[in-house]
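Got chain A sorted already, so can you dock chain B onto it with the hints?
Read top to bottom, the protein sequences are chains A and B.
Each residue of the first sequence is one higher than the last, beginning at 1 in this note's numbering.
Each residue of the second sequence is one higher than the last, beginning at 1 in this note's numbering.
For the record, the hints were derived by calculation from the structure and aren't laboratory data.
Partial chain B-side listing against chain A, Cβ under 8 Å, derived:
1) Ser33
2) Arg166
3) Leu169
4) Asp170
5) Glu174
6) Gly190
7) Glu193
8) Arg194
9) Asp197
10) Asp214
11) Gly218
12) Leu279
13) Asp280
14) Leu281
Quick caveat, the model's predicted, so the values are computed rather than measured.
Cβ atoms here follow ideal geometry from the backbone N, Cα and C, with glycine treated the same way.
Take a look at the letters that make up each chain.
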Amino acid sequence: MPAIFTVDPRTGVPLYLQLIEQVKRAVALGSLAPGEQLPTVKALALNLTINPNTVARAYRDLERDGVIETSPGRGSFVRADGSSTGESRRAMDDVANTVLGDAVRETKTLGLSRARAAEIFFEQLDRWFPAGDDHK
Amino acid sequence: MNSTYAIAIRDFSKRYGSFEAVSNLTLEVEPGSICGLLGPNGSGKTTTFKCLIGLARATAGTMEVEGAPVQPQTFETLAYLPERSALYEWMTVADHLEFNRRSYRSYDPKRAEELVDLFRLERKKKVGKLSKGQHTAVALVLAFSFRPRILVLDEPASGLDPVFQRVVLDLIIEAASTGSTVLFSSHQIGQVERAADRVAILKNGKLIVDGTVDTLKGSEKIVEAIFDQTVPEVDGLAADPRVRRIERSGRILRAYVKEDSDGIARRLNEFSPKNVSILDLNLEDIFITAVGGEIPTVGGDGA
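Next up, chain A with everything else stripped away, as it sits in the complex (with noise of 0.2 Å):
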């Protein structure tokens, strides 16, 4: 099984929430398509060599947010909409904020200016999205 999830034991932040976290980032970045099926909780329990009942929490929200759905027997899949779902959207955007409310604090913590910070930040936005880039 490809290793397509991994989380960290070792920070403050719960493992089934960083698994859904992950499997919603898969999903919403089509690294897990629609349809996929996911690892069972016991193999992805022994290849992140985490609890299984984490696993199966994390399986279990996903399910309620739609964005997998498990039918006894077979196993858990990608909901043929679980991309487009809003959870999945929101999951991105989560992840966004996250990252870059770290990286302004920083910023702020630094002793920079406001006008400084927006200025490095808008540099890295066109290194990033260049110009006419405006829709990937």
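Okay, now just chain B, sitting in the frame of chain A:
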């Protein structure tokens, strides 16, 4: 399925003379779960295990496995890995496997052979000639080779190198994913953090933390404020019921917060710090906070 706990320890106390090794411990472990028992040396972990499986008598309280007191039949379904090796030095690894095959009806010889290979043990070697880690490995082979429904493991990774420590975690996780229940003690918080869904922390024979790892992580935070000059006096912060403990070092104030970390962060912000951040606690932080005050300071300058 039903409400019977796999392991139920209730109001358990153990006294040796005037010394109370364990006081009034209640710990109920759900079937199919992995419970990690943490605590400093001498906190009562091994005493609890010994009384649970009947090697020592409880001074007070009840101990049940699958709803019944421990009896000889219990050991058809429960495997116990003692803290100190209970192997015979003069017997070979293969002798031990044979001995167990005769002792347990549910013993699975094929599984035992797989596990011997997994731990790279030499079958013909006398146990007396094995390293500490290999001792542990043999005991683990015996414990896991009759596919027990309940595993009570006292320091199951003791003496093992990091590769085999991971193998032990895999065995524990695999057992739980097929419905077995595991209660294990460890000094390695990282192992408990990975494998356990539930953690219990003992200190001086008392249960001081008990909960799921995820809930504990979600409920405790550190609010850290860094000041330009010195850390100001924040009136009433130490006595605030939301705050478990405060640490000051140099220009940094850290509050260990049980709830409403946002509120505490806003309160600290009134004192115009350079920066306030809310940090998540990992299990090691939770352990040290709980066991607190017992951590010897290295270096000794207290800064």
